[in-house]
Amino acid sequence: MTETSMIAMNSSLTSCQSCHLLCQMPEVDNWHHATCPRCGERLHVRKPNSIVRTWALLLAAYILYVPANVFPIMKVTTLGYTESDTILSGVFYFIETGSWLIAIIIFTASIFIPLLKLLTLTGLLISVRRKSRWRPRDRARLYRLIEGIGRWSMVDIYVVTLMVAIVKIGAIASIEAAPAAVYFAAVVVITMFAATSFDPRLIWDNLEDTDE
Amino acid sequence: MIIACHECDLLNSVIDIPVGTTARCARCGVALYSRKKNSIERTLAWAIAGLVFFVLANAYPILIMKSEGVLSETTLFESVKALYAQNMWGVAALVFITCILVPFIQLAGLLYILIPIRLNHSAWQAPLLFRFLRKLQPWGMMEVFMLGILVSIVKLSDMAAVMPGFSLYAFAALVLVLTATVSSMDPYLIWEKTGVRHD
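Residue numbers (our numbering), protein chains in the order written: chain A, 1 to 212; chain B, 213 to 411.
There could be a bad hint or two in this list.
[What the hints assert, rightly or not] Below 20 Å or equal to it, Euclidean Cα-Cα: the simulated PhoX-like pairs (lysine-lysine) are:
# : chain 1 : residue 1 : chain 2 : residue 2
1 : B       : 347       : B       : 405
2 : B       : 347       : A       : 168
3 : B       : 249       : B       : 347
4 : B       : 405       : A       : 168
5 : A       : 75        : B       : 293
6 : A       : 168       : A       : 47
7 : B       : 405       : B       : 293
8 : A       : 75        : A       : 168
9 : B       : 347       : A       : 47
[As the list claims (entries may be wrong)] Far from chain A, some chain B residues (derived; all Cβ distances over 12 Å):
#  : residue
10 : 285
11 : 305
12 : 338
13 : 352
14 : 358
Source of the hints: derived by calculation from the structure; they are not laboratory data.
All residues carry an ideal CB built from backbone N, CA and C; glycine is no exception.
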């Protein structure tokens, strides 16, 4: 099967990243100035430096993930007594008080999704590096999944925001956002950029390379 | 006409599909394009409704809490300011961008692009703006914020009596309208109408 001929890259064509118009690949020396004739976006055959960029962002996210989970995300002061909440202690709090649904939501959004995202992207990068031919359709689907669900990790940040603003009962009770909120927000933002910088077409390019 | 799949680079020919269906890539299965009924008009209508709910959602308090006889309430913007006051400017900026700025730019930007299309001409710099709107899409997190409100209510209800403010309902409506706006939008059609002629 000559599947190679059906790929845009092999036909001197490229899809505009923004409006998806199929564009003619320009001459090599004009490459840096090439823009889409319809929407004006810069044209690239593949996202530039996709693998290196994604690795760098992932590494930063892994590092920030540690303080995000170790440090408290908010401090609750009631009648002069201060209690610190980490992300995980927040989950346990809901389990203890019997709010199972909320415990599951927070666990999924704040612990499970970021980890799933980090590990999946790492796995995808390794599979691309090793020129894996293993189930490309499923790997592509996995990429689409983590690209879409990352946003839900922001739930905890929004909860802290609202709690800080509303619990201001003079000297009786107040809530303060703590350092982990910054680290955690950074993890969410950085993994979102990491997902965008990964080019899913690399998963499929490996099938081409080994065909020849 | 032929397009290349944006996720696997396979060349797919664009065929005339029935209204309400989606064409998927033959190799990786990603949604390539869909045909929608009266896409421009419907998206425009939803975007206008969205702006109305956006204003309502931001004008009224989200939550009202009563504890020890003290009543406290907060709007979204006041929450952002409270975070900022605690020196959490980065997080405050992120909340401001994802819950206020991006949803507003999305809705207002769509009006700016779609109204001229409806009147058969193209707005100034429409392709540049629409490109920007498409990139901004993942950063509007209204539905996640809505979940955040619900979790906060449960969390606060152990501490004090919490009542949902008027804007909670406006937020719920805004989330639904934003979803409808995005799902009634046909980016390919908009590109065809705004983009510079290429043939």
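- Query: Can you give the numbers of the hints that this structure goes against, from lowest to highest?
  - Reply: 2, 3, 4, 6, 7, 10, 11, 12, 13, 14
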